[in-house]
Amino acid sequence: MSRRRLALALAFPLLGAAVGGCAREELLHGLDERQASEVLVALDERGVVAAKAREDGTEERWRVEVDRGEAARAHRILAGRDLPRARPPGVAEVFGKGSMVPTPTEEHALLLHALSGELARSVEAVEGVLAARVHLGLREPDPLRPSERAAPRASVLVKCRASACAAIRALEPGLRAMIAGAVEGLEPGAVALVVTEATDSPPPLPPPRAPRTGLLAGLALLAALAATALALPAVRARLRREAP
Numbered sequence: 001m002s003r004r005r006l007a008l009a010l011a012f013p014l015l016g017a018a019v020g021g022c023a024r025e026e027l028l029h030g031l032d033e034r035q036a037s038e039v040l041v042a043l044d045e046r047g048v049v050a051a052k053a054r055e056d057g058t059e060e061r062w063r064v065e066v067d068r069g070e071a072a073r074a075h076r077i078l079a080g081r082d083l084p085r086a087r088p089p090g091v092a093e094v095f096g097k098g099s100m101v102p103t104p105t106e107e108h109a110l111l112l113h114a115l116s117g118e119l120a121r122s123v124e125a126v127e128g129v130l131a132a133r134v135h136l137g138l139r140e141p142d143p144l145r146p147s148e149r150a151a152p153r154a155s156v157l158v159k160c161r162a163s164a165c166a167a168i169r170a171l172e173p174g175l176r177a178m179i180a181g182a183v184e185g186l187e188p189g190a191v192a193l194v195v196t197e198a199t200d201s202p203p204p205l206p207p208p209r210a211p212r213t214g215l216l217a218g219l220a221l222l223a224a225l226a227a228t229a230l231a232l233p234a235v236r237a238r239l240r241r242e243a244p
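For the sequence shown, our numbering begins at 1 and goes up steadily by one.
Hints in this document: simulated from the structure, not taken from any laboratory. You may find that some hints are simply not true.
As the list claims (entries may be wrong) - What follows is a set of in silico ranges between Cβ atoms, one per label pair, in the way DEER data are often shown: (1) GLU60 / SER155: 29 to 37 Å; (2) ALA53 / HIS135: 32 to 40 Å; (3) ASP56 / GLU197: 36 to 44 Å; (4) ARG139 / ALA71: 44 to 52 Å; (5) ALA51 / SER155: 36 to 44 Å; (6) ARG139 / ARG61: 32 to 40 Å; (7) GLY47 / GLU106: 43 to 51 Å.
Claimed, not checked - Heads up, simulated SDA-like pairs for lysine to any residue below, C-alpha to C-alpha not over 25 Å straight-line: (8) LYS159 / LEU83; (9) LYS159 / PRO188; (10) LYS52 / LEU130; (11) LYS52 / ILE77; (12) LYS159 / GLU127; (13) LYS52 / ARG34; (14) LYS159 / ALA192; (15) LYS159 / HIS75; (16) LYS52 / ARG161; (17) LYS159 / ALA114; (18) LYS159 / ARG46; (19) LYS52 / SER37; (20) LYS159 / PRO173; (21) LYS159 / GLU124; (22) LYS52 / LEU78; (23) LYS159 / GLU118; (24) LYS159 / ARG85; (25) LYS159 / ARG76; (26) LYS159 / SER37; (27) LYS52 / GLU25; (28) LYS52 / ARG121; (29) LYS159 / VAL126; (30) LYS159 / GLU172.
Glycine residues also receive a C-beta, built at the ideal position from the N, C-alpha and C atoms.
Kindly produce the complete structure, drawing on both the sequences and the hints.
Encoded structure:
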């Protein structure tokens, strides 16, 4: 086999492997931007390279892609972190699905559900908060006995990153005031707030792996092998001359 044919024979398998290693696979779709960002952060913490992109035909939905060989590992990581998390429904989501003529009881329940979702979103916007639940205790007003309406109460559960829990606990008075300020008649002292460390905090990172061979690395390896193949005849000839 000539040196040129030998170089080509080495080139095509390596070039195919290098190009194939760049193939991407869709991991998730239909996410909002916050969900997609949370997924990217979780995968990056475990050493999986991922990218997000807007889905075709929409500006509000996103998809997440990873290298094809990393898809199974990425799914396992996200399952362990309970991601992507569903966002609490807000006013638009709750009242957009109501019946044509809701009863007063249905309207009151929908209002509580929507208001709880909006407040949970506000709490989740605090840096370090992974998830929040807000439960409001507001009795439906009795038109026959308006003066006997019970005082409103609320309970809030906040799950935070281990490194951020101390800072979030320092914000408890402000969080109580924010919840109380959104509900008529609710006093900050009637807001029960629990801040707890999330159990799905990422485990320690594994030992660093050798970097994946990309297109440029594959081409560099190809060039080195081709150069070696071209130099082999000269090396053999020199060895023959130097042999006793």
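### Task
Given the hint that LYS52 pairs with ARG34, test it: the Cα-Cα distance must not exceed 25 Å.
holds, 11 Å
### Query
Range hint 32 to 40 Å: satisfied by the CB atoms of ARG139 and ARG61?
holds, 39 Å
### Query
Are the Cα positions of LYS159 and ALA114 separated by 25 Å at most?
holds, 20 Å
### Query
Is the gap between the beta carbons of GLY47 and GLU106 within 43 to 51 Å?
Hint holds: Cβ distance 49 Å, inside 43 to 51 Å.
#### Entry: Holds or violated: LYS159 to SER37, with C-alpha atoms at most 25 Å apart
Answer holds: LYS159 to SER37 is near 18 Å, not above 25 Å.
### Task
Given the hint that LYS159 pairs with HIS75, test it: the Cα-Cα distance must not exceed 25 Å.
holds, 22 Å
#### Entry: 25 Å limit on alpha-carbon distance, applied to hinted pair LYS52 and ILE77
Holds - the C-alpha atoms of ILE77 and LYS52 are around 17 Å apart, at most 25 Å.
### Query
Do the beta carbons of ALA53 and HIS135 sit within 32 to 40 Å of each other?
Check passed, 36 Å falls within 32 to 40 Å.
### Query
CA of LYS159 to CA of GLU124, is that 25 Å or under?
holds, 9 Å
### Query
Quick one, are LYS52 and LEU78 close enough, alpha carbons at most 25 Å?
holds, 15 Å
### Query
Between LYS159 and VAL126, is the straight-line Cα distance small enough, at 25 Å or below?
holds, 11 Å
### Supplied distance hint 36 to 44 Å, evaluated on CB atoms of ALA51 and SER155
For ALA51 and SER155 the Cβ distance comes to about 39 Å; the hint holds.
Going down the numbered hints, you'll see the structure goes against none, and every one checks out.
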